[in-house]
Amino acid sequence: MTEGDNVTAGDNKAPGLLMAGVGHRYGRDPVLRGLDLEIARGEIVCLLGPSGCGKSTSLRVAAGLEPIQEGRVEIDGKEVARPGFSVPPEHRRVGLMFQDYALFPHLRVVDNVAFGVRGGDKAAKRRAAMDLLARLGVDGYAQDFPHVLSGGEQQRVALARALAPHPVVMLLDEPFSGLDRRLRNQVRNDTLDVLRELSVATLLVTHDAEEAMMMADRIALMRAGMIVQSGSAVELYERPESAFAASFFGDVNIIDGTAEGGGVITPLGTLAAPFQDGCRVRVFVRPEGLGLTPEPNGDAADATAEIIASHMLGPVSLVRLKMDGVDVPVTARSENGGRWKAGQRVRIRLDPARSFVFPASQEI
Amino acid sequence: MSEIDLSLGRSPSRGFPWLPRSRGQNMRGWSALAIFVALLVAVPILVVCGHVFVPAGEVWRHLASTVLASYIVNTLWLVFGVGIGVFVFGVSTAWLVTMCRFPGRAVLEWGLLLPLAVPAYAIAYSYAGLFDYAGPVQTGLRDWFGWSRGDYWFPNIRSVGGAAVVLAFVLYPYVYMLARAAFLEQSVCVIEIGRTLGRGPWRSFTSIALPLARPAIATGVALALMETLSDFGAVQHFGVATFTTGIYRTWFGLGDPAAASQLAAILLAFVFVLLVGERLSRGRAQFHHTSRRYRELPRYKLRGGWAALAIAACALPILLGFLLPGGQLLVWVGETMSESSGDSLGGRLWWHTANSLMLAAGAAAIAVVVALLLAYGVRLNPHPVAKGATRIAGLGYAVPGSVIAVGVLVPLAWLDNTLDSWLRASFGVSSGLLLSGTITALMFAYVVRFLAVSLNTVDASLAKVTPAMDGVARTLGMGPVATVARVHVPIISPSLLTAALLVFVDVMKELPATLILRPFDFNTLAVRAFELASDEQLRAAAAPALAIVAAGLVPVALLSVAISRARPGRAQGKVSL
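Residue numbers (my numbering), protein chains in the order written: chain H, 1 to 364; chain F, 365 to 941.
No lab work stands behind these hints: they were computed from the structure. Honestly, I wouldn't trust all of these hints.
[As the list claims (entries may be wrong)] 25 Å max Cα-Cα, derived SDA-like pairs, lysine to any residue:
hint	chain 1	residue 1	chain 2	residue 2
1	F	K665	F	P844
2	F	K665	F	G468
3	F	K751	H	R28
4	H	K78	F	P844
5	H	K322	H	S310
6	F	K828	F	A849
7	F	K665	F	F466
8	H	K341	H	E363
9	F	K828	H	A14
10	H	K125	F	P844
11	F	K828	H	G152
12	F	K751	F	A396
13	F	K828	F	A846
14	F	K751	F	F466
15	F	K828	H	D324
16	F	K828	H	Q143
17	H	K125	H	A14
18	H	K78	H	A14
19	H	K125	H	Q69
20	H	K125	F	A846
21	H	K122	F	V845
22	H	K125	F	K751
23	H	K122	F	L713
24	F	K828	H	H147
25	F	K828	H	R108
26	H	K125	F	A396
27	H	K341	H	E288
28	H	K122	H	Q99
29	F	K751	F	G414
30	H	K341	H	D351
31	H	K125	F	G843
32	F	K828	H	S310
33	F	K751	H	G27
34	H	K122	F	P854
35	F	K828	H	G178
36	H	K78	F	G843
37	H	K78	H	G137
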């Protein structure tokens, strides 16, 4: 065993994965434009963004499947890639998991996992593989071929296989999107528990904001080859720094307006808008930022509206509203499900903490 | 037979972001090599096409004024007759075995593939023997009714009609296979909706199942017709003048390569029309399954007379396309065995068999290696040029063997002559013929002709190794070499064997290119059968012909295993044909 093969965390403080100023282009199209990312051991970071924003390329560069063109990559404090230098993937100590799991069809489940176990004779490798399979609860399928397993079982086997060589970094490319909703939550939690326990630095790529919020210690929101905002789910949801972050990270009502004297007047009320006078702005309001009160209760200064439809979704209701004097309907999320009825008249109170104002020139 | 893949076996789209991309000089070198090989393979086709622009010579004018019209008319009649024959036989039997239940269905289902094992010249020899004036059929009729010559009319088997009939008997399995697969794929739900919308069984066949299967049927008919165009042995034996016999005659009889190439170019134009026609008739009609629910087809249960009729309909093509010709050959072999006293004939047969096996094995190995080279070239660097070159290299399957022979011989002869005259001028020595008339030339022609067979099989199997698997293997500690050895090789090696086997059998059966390109006095089974049959020694020709039929049974067996496995709603078959 070489020095780096010991997996226990904390023998150094270096981040598990560090990507600094990574740039990449296919042909003439830039895919990554100065990507910076740091993941500590045991931390789970979600790379979130729309399709084509360069998420998968970041994983390929981190894994060493794509040569680096600009910037550098470090794994466990050791530089593994800079332009003109690249440690091949087999020596990087990264694990990879794909949406389609990519299990080897010609190998039994146990041999799929043993494929990645390093050192030891065949029996020892199989024993190690069996341990991993048992840990993930799929040791019962050890002698089966992958194609007879269900999606969730295949996912676990793929995870076991990726963990077999004791990776420092685990790279997951939309690993749960092949599973149905109910199964997904369970598999997701089990996966994360194992990864945390083994203090693996995990980079997970997804285009699903909800999934990112469920899984990540930290979310890196990505767009057009760059990370536009990074932080906890709460930070991104409550304090988006751009129109893109606000709209990608959750449902919003969008109202156009003009900045005037540091504020913007909307049909729902006035919000702070620290922009030049006359600047076109766009107001993003989360559905839960609209408080509803049945008329004639509530503050007479609030906007009035009529309920078009109300959908009870368990603990909350989604309420579609037509505001007086405004054509575009808005959506409110309200607790106390079932209280609202179509045709009912309400007053709307705007919560400034759940509303964000950005210049209209920012692309969503 | 394995050409079926060409139209079906498009490699599945790899449209996900993990596509491997070009990197490193060595991979560019590999791709360059792949492109070079692909172009080399395309040379014969390009040479023949190029002859369209060569000014017509004396021989050509002679041909044009005398026989060209009959070549065209005969070819059109053949295409017409075989087209109708294979459509009727193929579609009706495919429909019966997929949609109906009757005793013996399971046996008939794979039995209908058997005629694929019979090369057209073999059925032609046996039918000539059976239906000639002196054959058992006419003799029997005369004895029975007491007729003598001139008392009765009997269709002449040695005619365009006869050729079309025997060709249809052995070529219908192309349509049968593809139509059967198409019918099986159709979800029963679609048919059931048709029934609920007021269509009876017959109407739902004609208005739903048949149109849905149309692309597959068109492909099957096109494949059968390509085989018809490239047939040499059957038409030559029946004395039907077509382009393939014309090329042979012009080359050997009139000794005019330019005119032969021009004939080849016209034949190629026919092939091209077929290819385009097939594309057009498939058109954008790539029917996708709108219903993802798949249920086993509820077969109509046939009883009594109907069942007997269905059995007869399915048994007839097997009888006429396999049992009758195969049986006749077997009888002849038995007769010659008991007659021949010495083992000189048997000894020579072994020698021809050894030649055939050697050629077939060599060509199969080369075709698989070249296919691997091309497939990996495209995989490592999916450059449009590499892809295009690979496609051109795969076109040989559509080109008749005689055309390829001409396309190989013309440039090789030029090369030999150039080298020879240069050596003579510079060193005063003669190199003679280095390439033309050698095994090398023959191998080259085989690879050009059958590369598509191996290429499709290799491509399909390589597609099973997804790029994601490469990525996983690399991160699990395997270098590139270990990845190929431990992931690629085990996954694709069964398919490589299949590919080699398919090329092997195709080469065993190949006649016209071998006849034109073989070294002097070098005989194979197919050539020997042809020579004996040309001398009207049909009985003696039976032994080599039967050996070829026996070899042809191997891929038929493989094919029947593969299609019984690869059925929607079941686990995917791993054999790719």
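Structure-based check of each hint:
| no. | hint | result |
| --- | --- | --- |
| 1 | K665(F) with P844(F) | violated, 56 Å |
| 2 | K665(F) with G468(F) | holds, 13 Å |
| 3 | K751(F) with R28(H) | holds, 21 Å |
| 4 | K78(H) with P844(F) | holds, 23 Å |
| 5 | K322(H) with S310(H) | holds, 12 Å |
| 6 | K828(F) with A849(F) | holds, 15 Å |
| 7 | K665(F) with F466(F) | holds, 6 Å |
| 8 | K341(H) with E363(H) | violated, 36 Å |
| 9 | K828(F) with A14(H) | violated, 39 Å |
| 10 | K125(H) with P844(F) | holds, 21 Å |
| 11 | K828(F) with G152(H) | holds, 21 Å |
| 12 | K751(F) with A396(F) | holds, 12 Å |
| 13 | K828(F) with A846(F) | holds, 18 Å |
| 14 | K751(F) with F466(F) | violated, 47 Å |
| 15 | K828(F) with D324(H) | violated, 60 Å |
| 16 | K828(F) with Q143(H) | holds, 21 Å |
| 17 | K125(H) with A14(H) | violated, 30 Å |
| 18 | K78(H) with A14(H) | holds, 9 Å |
| 19 | K125(H) with Q69(H) | violated, 37 Å |
| 20 | K125(H) with A846(F) | holds, 17 Å |
| 21 | K122(H) with V845(F) | holds, 20 Å |
| 22 | K125(H) with K751(F) | violated, 41 Å |
| 23 | K122(H) with L713(F) | violated, 51 Å |
| 24 | K828(F) with H147(H) | holds, 13 Å |
| 25 | K828(F) with R108(H) | holds, 16 Å |
| 26 | K125(H) with A396(F) | violated, 41 Å |
| 27 | K341(H) with E288(H) | holds, 18 Å |
| 28 | K122(H) with Q99(H) | violated, 29 Å |
| 29 | K751(F) with G414(F) | holds, 23 Å |
| 30 | K341(H) with D351(H) | holds, 22 Å |
| 31 | K125(H) with G843(F) | holds, 19 Å |
| 32 | K828(F) with S310(H) | violated, 49 Å |
| 33 | K751(F) with G27(H) | holds, 18 Å |
| 34 | K122(H) with P854(F) | holds, 18 Å |
| 35 | K828(F) with G178(H) | holds, 19 Å |
| 36 | K78(H) with G843(F) | holds, 20 Å |
| 37 | K78(H) with G137(H) | violated, 34 Å |
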